[in-house]
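*Asks:* Chain P: place on chain B using the hints.
Protein chains: 2
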Amino acid sequence: MSELLLRDARIQGHEGPVDLLIRDGRIAELRELRELREPRESPESGGDGRHGVEELGGKLVLPGLVDGHAHLDKSLWGGPWVPHDAAPGLMGKIRNGQERRPEFGVPNADFVTALLENMTACGTTHVRSHVDVDPLVGLGSVEAVREAVERHGGRITAELVAFPQAGMLISPGTEALLEEALKAGVETIGGLDPAGVDRDPVRHLDAVFALAERYGAGVDVHLHDGGTLGAWQFELIIERTRVLGLGGKVTISHAFALADADPDTRDRLISGLAGAGIALASVAPNRGLLPLRRLSEAGVPVTLGNDGVRDLWSPFGTGDMLERAMFQAKGTGPRDEDIELALDAATYGGARALALPDYGLTVGDHADLVVVDARNAAEAVCVRPRRSLVVKSGRIVARDGDLV
Amino acid sequence: MSELLLRDARIQGHEGPVDLLIRDGRIAELRELRELREPRESPESGGDGRHGVEELGGKLVLPGLVDGHAHLDKSLWGGPWVPHDAAPGLMGKIRNGQERRPEFGVPNADFVTALLENMTACGTTHVRSHVDVDPLVGLGSVEAVREAVERHGGRITAELVAFPQAGMLISPGTEALLEEALKAGVETIGGLDPAGVDRDPVRHLDAVFALAERYGAGVDVHLHDGGTLGAWQFELIIERTRVLGLGGKVTISHAFALADADPDTRDRLISGLAGAGIALASVAPNRGLLPLRRLSEAGVPVTLGNDGVRDLWSPFGTGDMLERAMFQAKGTGPRDEDIELALDAATYGGARALALPDYGLTVGDHADLVVVDARNAAEAVCVRPRRSLVVKSGRIVARDGDLV
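Read top to bottom, the protein sequences are chains B and P.
Counting from 1, position 141 in the first sequence corresponds to residue 141 in the numbering used here; the numbering is continuous, with no gaps.
The number in the numbering used here is simply the position in the second sequence, starting from 1, with 1000 added.
Calculated directly from the structure, the hints in this document are not laboratory data.
Careful, some of the hints might be misleading.
[As the list claims (entries may be wrong)] Think about it this way: if two alpha-carbon atoms lie no more than 20 Å apart in a straight line, the pair counts; the simulated DMTMM-like pairs of lysine to aspartate or glutamate are: (1) P:1093 / P:1103; (2) P:1093 / B:337; (3) B:93 / P:1337; (4) B:93 / B:54; (5) P:1183 / P:1200; (6) B:249 / B:262.
Given the structure is predicted, the values throughout are model-derived calculations rather than measurements.
So here's chain B without its partners, still in its complex pose (with noise of 0.2 Å):
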């Protein structure tokens, strides 16, 4: 039996400062200050398991930060610098990974190793990580993930994405290799612009969809694709999750068409969007933003993602996911709801377009949280602070920015 006591948290919601007590990987107590006992290593525990107590000072606690769209694969971190010179627009970006890959050693488990450890001192504890398959690659960058993953130790829970990164109808093989990465249990099937860059709309979606249903797994579909071309893509995606009965299992990643769509088209689309269950993603770009009020209020889950960070495709990133709500917040309002729609996005709304289950600061939730020197959500998110503690199953993994 392992115990941690939080001692004088602020958590949103709650009146006073509270006490948490972490069991087992889990909240198993919350109640008003200095109610709760301090852990003791009982002898009945025979002194193998972990307790303590730390002081939060009044500090708010998130629940563990979710990034949903991430690029793990593709990743440089910890590696040489590379200058970007990738030709411009999507498919320039494309051809830059695609080629330069074999020069710096991508994909490298190290590399995706020192981003894990990057996003752990930033507070994250889950991740939805796309993961490149293509006849180059094969299955080489889902076995550099699940490397990484293994070796990060826990600290980081991962989902991984099979993601025709290369395309799927124009790459041919692309297909049995996707198949093969969901036999190897990787959760989900990526798409990617069945339009715009596999060029066979209703064919891709038809084989991704298939696969899904072929295998249980999830969908995500990157839909770069804007205006009425990515709109009408909506609706396939859309139709074909209505008829497959798979609610809560789809995901459409940018979803560009939304913010370029008009107020009408915009708000039907959002209305079938909620009622087939399908969640947005988004790395809360410049441009291209999407209108969590609105999709609050109907009830479409959006999660937040970091995207590719310092990869062939850009030299920024960090990894922080507070950072990733603060573009959002900036674009979507200053106000102090705004912002925390923008969190919710890298927190709560995350868990529910992931589906992760207990996830959240209430007794009998996992015990995924950091700990910010801030008052509330608004301030979290404008100031970013060094994450005080991050804990992940009931373990502190991370204190004052700094891994465990």
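*Replies:* Just chain P now, kept in the frame of chain B:
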């Protein structure tokens, strides 16, 4: 005589690592690694000098960050968290700031001091701050900022701009107060949307430039006005700068019209700015980013600034100029040379725009510098690590992200 030796520093433009000897607030020597003797308490120094050696282990030394557009007087940093509640638009924010200022005791030298401390911890060594001057606050904001700068004890040098935030012509009594501020030694006279806010661009600019001429002051005009209205006001400012020979002393802040302009108009405006010796200031907003490459080619100095930090205008901001450079680079380009231009606007470009003498990292320059654990300028902007060391006038003022 005080001496500080920085060993094993990486400085852009130098092939290998160098040692840097600082003496009496200036860079005294710059040599290949291990060529310089360590500073020693010399008998003739009388024992009152400060001497030190810092091993940088190959970390990157940048010149001190320059915040070229701040509103120190408005900040609530270190004070209460105030949920944002302004009506939308520029006038909503202006009114909100004016009306709610007394409620929170703004201006407040304590808040300004707290913000200056965070700016120092983030590596800023010089700031140009606009300071509200209006019939309600009189010169109270000028006094509060001056008091805070004084208290901050030389860790940051500051230039103030007497700024008619509530308008000048539309706010009777303001023009006389601005003149009082200049008489009291405020270095620069500000203007604000001569057309959009003050409703009479010719009279507004004539008054501002007349005050500048009379008191030998610089000019810094906030120009949110976009499109053709903004572009036309560029012309008015260019004409006045030329006629009065004020080249090198005039800045246009925000300058959104430049981002709105068609390519021909943009080129004509840029050429006019370059010819007249006018600088631009930007806060790197999501929309309305300045075209740094073209401005650099034309020789127009650009300074970046943090704008208001946690105030009645916006809850965002921390005072970190590397973050501001990242905002700019995220919009203007991921290549190393683009990111370097963004950082230039937070360093050398800012110094040119603000006419700071002896700024830089060559022998004879003021020893204002910041040390970061990065391999090059682009990495410093992308990662924004805790500042390892901040030196102002040869004195260590922050270490590992904390004020010394």
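*Asks:* So, for every hint listed, does it hold in this structure?
*Replies:* Against the structure, the hints:
1. Proposed proximity of residue 1093 of chain P and residue 1103 of chain P is supported: the alpha carbons are some 16 Å apart, at most 20 Å.
2. Of the pairs offered as hints, the one joining residue 1093 of chain P and residue 337 of chain B holds, with about 18 Å between alpha carbons and a cut-off of 20 Å not exceeded.
3. For the hint linking residue 93 of chain B to residue 1337 of chain P, the alpha-carbon distance of about 18 Å falls within 20 Å, and the restraint holds.
4. In summary, the hint linking residue 93 of chain B to residue 54 of chain B is not supported, as the alpha carbons are separated by about 46 Å, beyond the 20 Å threshold.
5. Our distance criterion of 20 Å between C-alpha atoms is broken by residue 1183 of chain P and residue 1200 of chain P, whose separation comes to about 25 Å.
6. Between residue 249 of chain B and residue 262 of chain B the CA atoms are separated by roughly 27 Å; this puts the pair beyond 20 Å, and the hint is violated.
Checked against the numbered hints above, the structure violates hints 4, 5 and 6; every other hint is satisfied.
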